[in-house]
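Student: Let the hints inform the model, and build the full structure from the sequences given.
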Amino acid sequence: MSEKLPLLIPEIIVFLTTCIVMVVGLSPNLAVRRSCGLLSAIGLVFAAIFAVNGPAGDGLLPAMTPYAKALIALVGVLLVLLVAGTVDREEDARVARGGVFDALRTNRAEFYSFILFSLTGAMLCASATDLIWLFLALELTSLPTYVLVTMSTRGTRSQEAGVKYFFLGALGAAVFLYGFALIYGGTGSTKFVDISAAIADHGMNPITLAGMILAIIGVSFKIAAVPMHFYTADVYQGAAAPVTAFLAFVPKTAGFLSLILLLAIVGWDHGSVIAAGHALPSELRLLLWVVAALTMTVGNVLALLQSSPKRMLAYSSIAHSGYMLVGLIAGPGAYGASISHNGIAAVLFYLAAYGLMNVGAFAALAGLERRGRDGRPVEIDSFDDLRGLCATHPMLGWTLVVCSLSLLGLPPLLGFFSKLTLFTSGIAAGEIVLVIVLGINSAVAAFYYLRLAGVAMLEDATDGPQPGLAPFPARAISGLIALVLVVSLSFFGNGLLNASRNAAVVEGSGVRAPGHTPQQPGQHADEHKDASDPAKDASTSVAQRVGA
Amino acid sequence: MTIVSDIMASVLSAALAAPESAHAVASAVEPGPWWVSLIPALPMLACILCGVCAAMRVKSKLPAWITVGCLGVSFALTVAMFQQLAGGRSVTVAWEWINIGWTDTHGREQRLLANFGFYVDSLTCLWMLFVTGLATLIALYASEYMSHDVGAGYCRFFAAFSLFVFSMACLVMGDNLILLYLGWEGVGLCSYLLIGYFYKKPSAVAAAKKAFIMNRIGDLGLALGVFLTFVQFGSVEYKVILEAAQPWIAAAQAGHFSEIPATVQLIPILLMIGAFGKSAQLPLYVWLPDAMEGPTPVSALIHAATMVTAGVYLIARTYPMFLVSEYALPIVAWVGALTALVAATIGMAQFDIKRIMAYSTVSQLGYMFAGLGVLTSTGAAFHVFTHAFFKASLFLSCGAVMHGFAGQLDLRKLSGVGKMKGWLVVTIAMLVGCLNLSGFPFTAGFFSKDMILAETFVTPGMAPIGWILLLTAGLTAYYTFRVFFRVFVGPKYFEPGDEAHAHDDHGHGDHGHGDHHDHAHAPETDHGHGKAHEFHPHAPGWAINLVLGTLTLCSIAAAGLYFMGDHGGWVGKMVHDSSAAIPAVAHDAAHAADGHGEAAHAVAHGTFLGMDPHKAMYYVSGVIGFIGIGVAFFLHYLGRTTAATANADKLLPMLGPIPRLAQGKWFVDEFYDLLIVKPLHLISIVFAYVDKLLVDGLVNLFGWIPRAFGSSLRPLQGGNLHGYAVQMAGGVAVLLLIVYLASIAGL
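Chains as they are written, first to last, in the working numbering: chain A, 1 to 548; chain B, 1 to 747.
Accuracy of the hints is not assured; some may be wrong.
A short, non-exhaustive set of chain B residues, derived as facing chain A with CB atoms under 7 Å [to be verified]: (1) E96; (2) W102; (3) P706; (4) V739; (5) L741; (6) S743.
Worth flagging that the hints you see were computed from the coordinates, not collected in a lab. Here a beta-carbon is modelled for each residue, glycine too, at the ideal position from N, C-alpha and C.
Tutor: Here it is, written out as structure tokens:
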């Protein structure tokens with residue numbers, strides 16, 4: 001067991017940070033309490049450093065583990081900055097007026113530690129090697145978010161959203177847990193490598209297949225794919241904007257990592273007519289195909305009708321999940337394929353890009369507030385509040401404009417390149433119809449993203465009281481960092497592209513010769529080091545495939 | 001489905017397939033020193049800092065000093081790069097920029113590799129030396145020239161100026177065609193921004209748009225050329241494509257053009273179209289004279305010395321590819337020669353001195369193209385180099401006059417400027433520039449022009465071009481000295497410009513920028529300083545004089561380069577070490593007088609009226625220059641009646657409608673308008689209706705469908721928890737059913 005510890009150092013760091021934050025957040029000293037966010041960010045940065053320099057995982061996609069952990073930790077830093085001031089605002093004001101500090105009435109400690117717990121869960125998903133581990137990691141990701149939603153604003157809408165999220169989340173968990181149980185029943189193992197070997201040797205029996213289908217649909221709840229998407233709009237709108245940004249990234253990333261792992265168990269080497277040798281089993285392909293097409297279409301057409309930018313972004317996040325599913329269907333292609341042929345790499349790249357753009361777009365919403373009827377600050381929640389933002393608050397305005405154009409996929413921004421890789425990998429896998437659906441949906445998405453950008457950039461501010469800046473510079477800083485990253489990665493994104501390509505190498509994909517025996521974890525790590533010569537590897541895999 | 005994807009794949013692979021030759025090993029190109037990247041980086045830094053100045057509302061000359069400083073360091077680095085070079089070739093990769101690899105359906109590896117890398121050979125150095133050097137000097141000049149605009153406009157000017165130098169550096173130094181294209185579009189953008197600097201003046205805006213649109217036509221050719229290069233050679237890197245063209249050169253020299261693939265022969269023709277646009281050649285030259293709406297330093301740097309020579313650079317850089325094309329170089333030669341002649345005839349009949357200089361630029365660019373076309377890349381490059389200096393000094397002198405006389409540019413309204421106090425440096429600079437331009441013996445312009453003229457008679461079949469260019473040389477000498485004799489000598493007389501329709505800096509004063517330098521209400525007695533005194537031309541200050549003096553010295557010194565070595569002197573050596581070198585065989589085939597292999601080649605060698613062109617041309621072109629200057633002296637100095645009139649005017653009726661047509665620029669603009677703009681406008685009206693009725697209707701329909709679909713989904717989002725749970729469970733059931741039915745049906 002102890003040999004797994006080096007693999008878990010990032011999670012352990014985040015967990016230790018969680019413990020510290022939980023104590024620090026209860027300090028009677030305001031300055032100490034306020035350091036929660038900073039401490040969390042520092043812990044996440046360290047986790048990212050250790051993830052990058054740490055060992056590769058021991059699952060089916062060993063190189064994905066460090067990439068995914070670093071991605072989660074780094075976007076986590078931006079999210080931690082973004083949530084500044086979400087809780088305890090009134091409490092701090094009361095203490096500042098001379099009230100007595102009451103540890104029972106503050107929420108800061110729980111709030112930040114729940115965020116870190118959720119990030120830990122997402123990271124654990126990346127290193128899962130076992131169905132039970134995966135289930136626990138997914139639940140560790142989700143359970144804190146139910147509370148985060150509930151406590152994020154003081155209104156009843158948050159509570160309603162939290163309750164809905166919890167119950168529907170439990171329903172989703174039940175579905176995939178049922179699936180996991182069926183997979184165990186069908187193969188006799190919960191370990192990924194064993195299941196994978198069993199499927200390779202005996203094919204998929206109906207029970208395994210049913211389990212796999214249920215597992216995929218259940219995990220779809222995390223990524224808000226049809227038909228598990230119903231909660232999205234209500235929950236996203238009920239939560240405070242920074243928490244919504246969190247929901248749109250962290251559970252979604254955990255969900256996609258889990259889906260990649262689940263599909264890697266099955267493998268993309270179930271030849272079909274369309275792409276000889278490289279495809280999912282036809283039932284799973286059909287399932288994902290229908291889900292992908294429905295998800296992007298439903299997300300986009302519902303986003304069209306929204307009058308609230310937050311709700312619009314919520315629906316569009318559904319659509320983005322649909323886009324990324326195309327990459328999952330395409331699969332990793334031939335061993336050592338370039339990113340334009342590797343759908344998994346495209347998904348990993350898209351997750352990173354989406355994380356940044358999402359933070360940027362929500363930062364513009366979270367950075368503004370207006371006075372409610374009772375004089376309390378409330379979030380802005382209409383396009384009118386964003387009118388002329390580029391003139392009134394240039395930094396937030398341009399962040400919003402650039403990020404929404406990037407989300408739309410306008411060249412030469414980051415979102416264009418990430419979407420392009422999805423297109424090319426889809427074409428390479430022969431999924432022409434699905435790629436056409438993706439193209440049409442991108443065009444529909446242009447309508448509402450351009451509206452968002454246009455409102456901020458082209459229109460004049462409305463008369464009457466203008467929304468002001470929220471008094472938390474960390475939110476604007478987070479948006480600014482996201483903006484800088486989106487713009488700079490648009491031009492110097494090669495490193496990220498290569499990283500996601502290297503991360504998406506599925507061990508054993510396409511080389512499963514008859515009589516293939518499951519490899520032991522230790523061997524895997526060694527093999528990965530040997531694989532530093534891609535040309536050699538590619539040639540062997542081709543040779544083996546020819547032999548097979 | 002299978003069929004569709006197969007077809008797509010095969011089409012894609014056919015389009016992207018490259019022959020085996022693409023993978024030929026590149027010649028010895030060494031990695032260069034890292035600091036070469038600073039040469040373009042520093043102007044970019046200056047651009048960013050000027051942007052920061054604009055954001056911080058700096059109201060001093062700080063942007064100018066930033067720009068001059070950065071460009072100066074950049075120039076120093078260029079000199080260092082030149083010192084380090086020693087005839088080799090090197091590539092410095094700043095960072096990996098585009099690197100896309102894929103495997104086509106035939107299993108071949110394809111790779112589009114375009115680094116942000118800098119290819120440095122002697123041709124690069126030659127160009128960069130005058131680009132950064134002149135940019136530094138002209139930025140210094142502009143610091144004084146633009147001083148009336150200190151504030152936001154000043155920052156904007158220097159930001160665009162620095163951005164231009166950055167783009168030009170990318171264009172010249174890029175190690176691949178994509179980076180060249182980036183620079184090419186970058187200089188086009190900066191040219192647009194700077195021509196339209198006075199954006200409140202309709203004519204400036206129109207000129208900026210005209211320049212931009214005319215350049216688009218050329219750029220389309222360039223883009224197609226780059227695409228075709230990639231398709232043909234599988235790479236856009238110079239070190240690969242220049243090597244790849246080598247095997248065909250021998251065939252081309254033997255005249256066996258049918259052995260060379262048609263695609264290879266098409267590439268240079270497409271690149272050439274790009275060069276014609278950027279370097280203002282027929283039929284795309286009309287934008288350059290109008291570009292004089294920009295501030296004069298811009299005209300001097302961009303529209304005389306550097307950007308417009310980008311076309312010459314492109315051809316020189318990809319010369320091996322031009323050598324293997326049967327028609328490319330002859331077309332270049334003829335277009336160049338005709339452009340030279342047409343522009344010179346127009347220049348003769350203009351009255352606006354800056355416009356005359358603009359037409360002379362077009363004309364001289366024609367010479368350079370003709371030089372390239374008749375296989376003297378050395379002559380072309382030498383002419384680019386000398387022309388950069390003397391034309392910059394001519395423009396800056398005109399700018400100084402314009403600055404001093406409140407925007408006056410009409411040669412009928414200025415006279416005897418040289419006799420006025422404080423105008424000595426300007427007059428000398430102008431005189432030296434004019435001598436160079438008219439090819440006065442022993443000036444730099446004389447040697448570089450001779451090299452081209454001689455080669456036209458050496459190259460078989462190109463003698464008509466030589467005669468055209470000789471005639472043009474005479475016309476050039478005439479119109480150049482027409483300006484000098486009318487404006488700088490003769491009786492002292494001037495009318496200050498009416499700023500309201502001036503061509504330059506003060507022009508926007510009456511649009512609300514009003515500072516108290518505002519000359520807007522300046523008829524002859526009040527030029528806006530608030531006192532009703534006589535107009536005093538204000539003589540140029542130290543910066544302008546310093547720059548003009550330096551440039552004059554440079555253009556005199558450039559003549560010395562001719563004597564630094566055989567075969568075209570220093571520039572010849574530089575060109576010979578670079579990709580623009582003409583391979584020995586090709587050169588010798590037409591070239592006996594060089595001394596190597598004369599017996600074999602004397603047959604092919606052309607003559608000039610039975611004499612050796614190289615020697616004869618010294619005398620012939622010298623005499624023609626003298627004739628041109630003499631005619632100008634006779635008509636416009638001796639024949640001057642008043643400031644506005646000369647005896648020359650009496651000759652005009654004898655020439656019939658020609659002077660009127662020439663003054664109207666042969667009505668080429670009107671011709672284009674009638675032939676292209678009007679029909680397009682008509683078609684656009686038709687399409688506007690089609691768009692409104694049909695396309696908009698369809699778009700609205702497509703917009704309506706998702707909305708209707710969305711509305712029908714909306715009731716599902718009722719907000720009811722039970723409802724959601726039921727729908728989710730139902731969804732799971734439906735999906736399971738779909739998969740089940742599909743697997744039964746065997747899909």
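Student: Next step is simple, just say for each hint if it's right about the structure.
Tutor: Each hint, compared with the structure:
The restraint placing E96 (chain B) at the interface with chain A holds, with a minimum CB-CB distance near 6 Å, inside the 7 Å limit. Nearest Cβ of chain A to the Cβ of W102 (chain B): about 6 Å, under the 7 Å cut. The hint holds. At its closest, the beta carbon of P706 (chain B) sits 4 Å from a beta carbon of chain A; the interface hint therefore holds under the 7 Å criterion. Using the Cβ-Cβ criterion of 7 Å, the hint placing V739 (chain B) at the interface with chain A is satisfied: the shortest such distance is roughly 5 Å.
For the restraint placing L741 (chain B) at the interface with chain A, the shortest Cβ-Cβ distance is roughly 10 Å, beyond the 7 Å limit, so the hint is violated. Hint status for S743 (chain B) relative to chain A: holds, with the closest Cβ pair at about 5 Å, below 7 Å.
Hint check: a violation occurs at hint 5 only; the rest are consistent with the structure.
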